[in-house]
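Got chain E sorted already, so can you dock chain G with the ligands onto it with the hints?
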Amino acid sequence: MSTDSFIEFRNVSFAYGERSILKNINLSIPRGRFVAIMGGSGSGKTTLLRLISGQVSPQQGEVIVDGKHVEKMSSRELFELRRRMGMLFQFGALFTDLSVFDNVAFPIREHTHLPDSMVHDLVLMKLAAVGLRGTERLMPAELSGGMSRRIALARAIALDPALMLYDEPFTGLDPISLGAIAHLIKKLSDALGTTSVMVTHDVQHSLNIVDYVYFVANGEIVAEGTPDEVRASASPWVHQFVYGEADGPVHLAYPATTSLADDIGLGDLHA
Amino acid sequence: MLETLLSPLRKLGHWVIEAIWRLGMISRFFVAILMNSGQSLLRFHLVIREMYFSGVLSLIIIVVSGLFVGMVLGLQGYTTLVRFGSADALGALVALSLLRELGPVLAALLFASRAGSAMTAEIGLMKATEQLDAMSVMAVNPVARVVAPRFWAGVLSMPILAALFNVMGIIGGYAVGVLMIGLDSGSYWSQMQANVDLHVDVVNGLIKSLFFGMAVTLIAVYEGFDATPTAAGVSAATTRTVVTSALVILALDFVLTAFMF
Ligand SMILES: Nc1ncnc2c1ncn2[C@@H]1O[C@H](COP(=O)(O)OP(=O)(O)O)[C@@H](O)[C@H]1O
Ligand SMILES: [Mg+2]
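If you're matching them up, the sequences are chains E and G in order. Residue 221 in numbering that gives the first Met the number 0 sits at position 222 of the first sequence; the count goes up by one each step and never skips. Residue 22 in numbering that gives the first Met the number 0 sits at position 23 of the second sequence; the count goes up by one each step and never skips.
Please keep in mind that the hints were generated in silico from the structure rather than gathered at the bench. Since the model is a prediction, treat every value here as computed from it, not as a measurement. Do not take every clue at face value.
What the hints assert, rightly or not - So the derived label-pair ranges between C-beta atoms look like this:
(1) G:ARG21 - E:HIS182: 44 to 52 Å
(2) E:ARG30 - G:ILE16: 46 to 54 Å
(3) E:GLU141 - G:PHE67: 37 to 45 Å
(4) E:LEU137 - G:ALA18: 41 to 49 Å
(5) E:HIS119 - G:VAL166: 36 to 44 Å
(6) E:ARG30 - G:PRO228: 31 to 39 Å
(7) E:GLU76 - G:GLY37: 14 to 22 Å
(8) E:HIS119 - G:LEU178: 51 to 59 Å
Cβ coordinates follow ideal geometry from the N, Cα and C atoms, glycine included.
If we strip away everything but chain E, and leave its shape as in the complex, we get (with noise of 0.2 Å):
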């Protein structure tokens, strides 16, 4: 499996100064498959892509993509690496002072020396690939949240990466809006056969779409499954994700170091 994957995370450990964010990680995400990881908000999802496409790098641990050590790169190598990326922003990220043709234009237009009717003619198709022509002479402020997301992918797959990074791609949306990103994201991923990441808390969306699923929790991974086994599986970890259950393995409160009593200054009632 290791020869064929396209990702690799080697006993990964990453802490945004003191905090510990993941703890000893170990996944691998073979060529060509559409994998998912889930986790609640904070649980360090974001941090797991950005690990991937190298904007911070792992104190422990080795992170290979294609095969090269991310960890070990040059900003040049990470450059060169990054051309054939793709990455969806949880919200969307466009250049709010370009309009939706420069902003899909724009990694063309960087990274090549097409003549600007052969830019054009490729931005009308990624636009029309996401079912949004017509819309390049519109800015990002008159976009509905959907839309962007769209527009936003639209300008990801610009360049037909190899990888594609999706961070959070179904929150904040309507259902319609949903339901038409997630088509779009299988039928993408499908047509460009790239090899995709998904982080995401949406377990019903997901679970229609990946090969694979990862479950984070507390900085570890907790469980791992294809989309059926996760559906019957029985540990407790999946099941509160799957049903959606406020108690169970994952806690919604903070670990605080005193105790509410304490601080409220009620502690010594119960010395």
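Relative to the frame of chain E, chain G with the ligands by itself:
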């Protein structure tokens, strides 16, 4: 007791270290901008576009302020000069005050509060909304693509705006001195022509504004790039741009004046 004595000292020390640290960061950022400027120069339309934004943003405020400053100079200059019987020298007084000092300094202060703050807010918001991250994940260096063009646009706009400020000020002085008070138009211009030296006054003034442009824009882009990526962080950075720019402009003006005149 010892604590109350030491605490201000400690604060002072902390403040000094912090200031020096920031100065170091800004210097390193400056070097990074210079090293990543190749693209801005090759694709000069990027710079032109930013010049259009920062220049046009500041145009109205520069024109109007320049006119008023010139009018005030006309009034004040006249009441002072007339006491010495040399009201004819008004043209020279207005032009020299503007070219050597007021034009570069006031234009830079206005530029900092209008275009500089806008630049900080824009870059800060791009950071807060992950646009800078998106860019670098697209293998495009944000310092080369976002920061450098804005920096050069500011550096190039500043002397042009200062020159415009000077022209408007001289027109304002003319309006008050000649049209309102009734001084001789010929002597307003000829006194100016006789007393203004191209190198000493005009060129030195423009050099000043070039330095101010560099300082203001560097501060503006640095604060934006360094802003805490939240709404509160961006607004604090914007304020810092205006305050720091004002202090740096005035301090730099003293140093430059001491060297030049
Ligand atoms: N730049 C940063 N500096 C310090 N802490 C951060 C930073 N980015 C994220 N964090 C913290 O790390 C944790 C994990 O963040 P993230 O990976 O964004 O979580 P998720 O995407 O799963 O919601 C969060 O609790 C967040 O507060
Ligand atoms: Mg996140």
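Inset, instruction - Mind checking the hinted window 46 to 54 Å against the Cβ distance between E:ARG30 and G:ILE16? - result: 51 Å, holds
Inset, instruction - Check the following: the C-beta atoms of E:LEU137 and G:ALA18 are separated by a distance inside 41 to 49 Å. - result: Since E:LEU137 and G:ALA18 have Cβ atoms about 45 Å apart, the given range 41 to 49 Å holds.
Inset, instruction - Could you tell me whether the CB distance from E:HIS119 to G:VAL166 stays inside 36 to 44 Å? - result: 43 Å, holds
Inset, instruction - Just tell me: holds or violated, for the beta carbon distance of E:GLU76 and G:GLY37 against 14 to 22 Å? - result: 20 Å, holds
Inset, instruction - With 44 to 52 Å as the target window, see if G:ARG21 and E:HIS182 comply at their CB atoms. - result: 49 Å, holds
Inset, instruction - Could you tell me whether the CB distance from E:GLU141 to G:PHE67 stays inside 37 to 45 Å? - result: 38 Å, holds
Legend entry - Satisfaction of the hinted span 31 to 39 Å by the C-beta atoms belonging to E:ARG30 and G:PRO228: At roughly 34 Å between Cβ atoms, G:PRO228 and E:ARG30 fall inside 31 to 39 Å, so the hint holds.
Inset, instruction - Evaluate the given range 51 to 59 Å for the C-beta pair formed by E:HIS119 and G:LEU178. - result: About 55 Å separates the Cβ atoms of E:HIS119 and G:LEU178, which means 51 to 59 Å holds.
Checked against the numbered hints given earlier, the structure satisfies every one of them.
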